[in-house]
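J.: This is what each chain is made of:
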Amino acid sequence: MSEPVDVLIIGAGASGAAVAWSLADTRMRILCLEQGDWVKSTEYPSNGRDWEERQFGDFSTSPNRRGNAADYPIDDSDSPIKVVNFNGVGGGTILYAGHFPRMHPSDFRVRTLDGVADDWPVDYAMLEPYFALNDRMMGIAALAGDPAYPPKEAVLPPLPLGRTGTTLGRAMNRLGWHWWAADSAMATRDYEGRAKCINLGHCIAGCAQGAKASTDLTYWPHAIRQRVELRTRCRVREVTVNEHGIASGAVYYDAEGVERFQPAEVVILACNGVGTPRILLNSVSGRFPNGLANTSGLVGRNLMFHPYSSIRGYFDEPLDGYRGPHIGTWSQQFYETDHSRGFVRGYTYQFVRGQGPVLTAMTGMASGRIPWGEGHHAAYRQLFDRSAGMVAICEDLPEQHNSVTLHPQLKDAHGIPAPKITYRLSENSQRMLEHSIARGAEILQAAGARDIVTEAPLPNAGWHLMGTARMGTDPGRSVVNPWGRSHDVKNLFIVDGSIFVTSGGVNPTATIQALALYVADSIKQRLANLFD
Amino acid sequence: MSQWIPVTSPAPLQDAQRRALRWIASLMVPPSEEHGVPGADDEAIFADILGSLGRDADAVRSVLRRLDELAGGLFADSADDAQRAAVERLRKDDAALTAVLVAVVVRCYYRDDRVMRSLGMQLRPPYPKGFEVEQGDWSLLEPVRARGRVYREVP
Chain A
0 MSEPVDVLII GAGASGAAVA WSLADTRMRI LCLEQGDWVK STEYPSNGRD
50 WEERQFGDFS TSPNRRGNAA DYPIDDSDSP IKVVNFNGVG GGTILYAGHF
100 PRMHPSDFRV RTLDGVADDW PVDYAMLEPY FALNDRMMGI AALAGDPAYP
150 PKEAVLPPLP LGRTGTTLGR AMNRLGWHWW AADSAMATRD YEGRAKCINL
200 GHCIAGCAQG AKASTDLTYW PHAIRQRVEL RTRCRVREVT VNEHGIASGA
250 VYYDAEGVER FQPAEVVILA CNGVGTPRIL LNSVSGRFPN GLANTSGLVG
300 RNLMFHPYSS IRGYFDEPLD GYRGPHIGTW SQQFYETDHS RGFVRGYTYQ
350 FVRGQGPVLT AMTGMASGRI PWGEGHHAAY RQLFDRSAGM VAICEDLPEQ
400 HNSVTLHPQL KDAHGIPAPK ITYRLSENSQ RMLEHSIARG AEILQAAGAR
450 DIVTEAPLPN AGWHLMGTAR MGTDPGRSVV NPWGRSHDVK NLFIVDGSIF
500 VTSGGVNPTA TIQALALYVA DSIKQRLANL FD
Chain B
0 MSQWIPVTSP APLQDAQRRA LRWIASLMVP PSEEHGVPGA DDEAIFADIL
50 GSLGRDADAV RSVLRRLDEL AGGLFADSAD DAQRAAVERL RKDDAALTAV
100 LVAVVVRCYY RDDRVMRSLG MQLRPPYPKG FEVEQGDWSL LEPVRARGRV
150 YREVP
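Taken in order, these protein sequences are the chains called A and B.
As numbered in numbering that gives the first Met the number 0, residues 0 to 531 make up the first sequence, in order.
As numbered in numbering that gives the first Met the number 0, residues 0 to 154 make up the second sequence, in order.
Keep in mind that the hints were calculated from the coordinates and are not lab data.
Here a beta-carbon is modelled for each residue, glycine too, at the ideal position from N, C-alpha and C.
There could be a bad hint or two in this list.
Unchecked claim - Label-pair restraints from in silico Cβ distances: (1) B:R116 - A:T41: 34 to 40 Å; (2) B:E131 - A:R476: 32 to 38 Å; (3) B:E133 - A:E127: 29 to 35 Å; (4) B:A94 - A:V283: 40 to 46 Å; (5) A:A131 - B:E33: 53 to 59 Å; (6) B:E133 - A:T41: 46 to 52 Å; (7) B:E131 - A:R28: 46 to 52 Å; (8) B:A43 - A:T25: 36 to 42 Å; (9) B:A98 - A:D531: 24 to 30 Å.
Unchecked claim - In silico contact screen, one side only, chain A against chain B (beta carbon under 10 Å); selected entries: (10) T165; (11) I197; (12) F260.
Let the hints inform the model, and build the full structure from the sequences given.
T.: Encoded structure:
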């Protein structure tokens, strides 16, 4: 048996890193178990000429495609949206695009404002100091004054507007619609040990320059300097409880595959909206026969993705192509509810630059715009470096039938049951996707695109995994309380996207990390009576 | 129990499978004198394709087996007309299998020096030199700023 620790954190991604760093100043003994490993900057695809190919290989966003030793299989065959993730120090921030918006004030009050889903037990004002702290820790590039948000600081200058941003921005101005510089986790100047972004492009395959704020570069170095221990290649099988129903630690497999038990006074889960319910559902005991912290029956329920649509146009003039961070600007024009649109809630447009030479060929040939044989080269040259467009991130409302359960047969390399995803696209989401495609096409027409290609929902875009251990005040309708503690197990906390009540219509990492910092502060303020 | 085994190195294709894939590559991306580029069946490019099948090797074998079925015999040894008909049928009926063929071919074709040069690309990886992107003029946002707040106040 290992030496007991005060705090055991499971998962070293966006939220695990933030909570570890925040708790470090308590001087408690803190250990984080991470199933993956550190990624060296020299390993990222943009170091080599095969940079595009490796996005479909060892740096694929799909764990099933990637199949690295750190990965576990996910059966998402019963979902039109497939899970994407990364397992390693930094978690999903290793492969995220770095688009870094906060949720909006209205996102925390959807029941009050729109009569759907539930209000959160926290709100924007409560989280605002943690958003701001997180922006500084992650080094967020932004342009102050965005009218889509209450006033907030811009830590670093915005990303370059580029030809793409200029072309699409002019179109938005013609239409009279909102757009702004995207909040981005790219260092646009040297910042806290991170080198300035040099526009390598394809940020979603990892940043060889180290400009992107993955938590292996931001929170972890600080936390480790403060004596937090991070143990890699350690895959947790289950969280254990003692005879009093208190979490006693976790059983895990170490780097050599040896089963070990790690005792702990406090356990914090930070494994994302699929990994966390997977562990909880696999932590079965006499007291918790349906999985740990699952008296409500809601562990694994209410899974929310963000359904994405894609609207891409081809232009006569060259644009930015594959150069530069993919997302430079955004729009919140259709974010807040307008019932005349036929759906509630709304979506964000992320305006995206072009594609690399390989992806241009793959997408162009799939859509029939680039033929096989004669005509291939001429058609290809009409598309290469001449595309731009947007994706819409649609708010997904919680529905209990959308779920993560344990697969009855499929298991990972350690014999741990794999997660199974069951998900149906709602009518509201479908209408929102259709609206986003129609308005997106208008934008591209106003920008002068000669040809427009659309797709919805994007199948391989299950980036955002939320809602599967929701927070709330009522133990019958939620898994954790308003400060992240399990209603059932008083020394068990959850800090990842599982605790989201609703999804908003923005990328969730900023909100996940703000919540993790908020939960950490809540723990620190209650240390004397944490288990009452 | 179904145990998940992480990806391992694939076995190479057999001779007939290699010949079939090379014929398909030539059909897909022929050489062009006008643009000064080789076809995807070029010796160096095709060697790259074979060496880079990786996670798609099994899927490629599946496609080639399907083409054998469609050709009514060994695809690689079929007459040109039969090969073309089989490929056309595959493209018409099975977008997923077709996408596998496209992926393994273009992933290597569009990183060949001669092809990249013809596209005006520099023959290098993105790192460490990076790229220039125009900074642009953020005063374009003045109309947006002038319209004022678009987020909703909450009670």
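J.: State for each hint whether it applies.
T.: Each hint tested on the structure:
Distance hint check: the CB atoms of B:R116 and A:T41 are about 27 Å apart, inconsistent with the given range 34 to 40 Å. B:E131 and A:R476 have their C-beta atoms about 53 Å apart, which leaves the hinted 32 to 38 Å range violated. The hinted range of 29 to 35 Å is satisfied by B:E133 and A:E127, whose Cβ atoms lie roughly 34 Å apart. For the pair B:A94 and A:V283, the beta carbons lie near 42 Å from each other, so the given range of 40 to 46 Å is met.
For A:A131 and B:E33, the Cβ-Cβ distance of about 57 Å falls inside the hinted range of 53 to 59 Å, so the restraint holds. At roughly 30 Å, the beta carbons of B:E133 and A:T41 sit outside the given window of 46 to 52 Å. At roughly 49 Å, the beta-carbon separation of B:E131 and A:R28 lies within the given 46 to 52 Å, and the hint holds. Between B:A43 and A:T25 the C-beta distance comes to about 60 Å, which lies outside the given range of 36 to 42 Å.
For the pair B:A98 and A:D531, the beta carbons lie near 57 Å from each other, so the given range of 24 to 30 Å is not met. Annotation: A:T165 was flagged as interfacial toward chain B, and the flag holds, the nearest CB pair being 5 Å apart, inside 10 Å. With a least beta-carbon distance of about 3 Å to chain B, the hint placing A:I197 at the interface is held under the 10 Å criterion. With 10 Å as the threshold, the beta carbon of A:F260 stays out of range of chain B, its nearest partner Cβ sitting at about 23 Å, so the hint is violated.
Hint compliance for this structure: hints 1, 2, 6, 8, 9, 12 are broken, all remaining hints hold.
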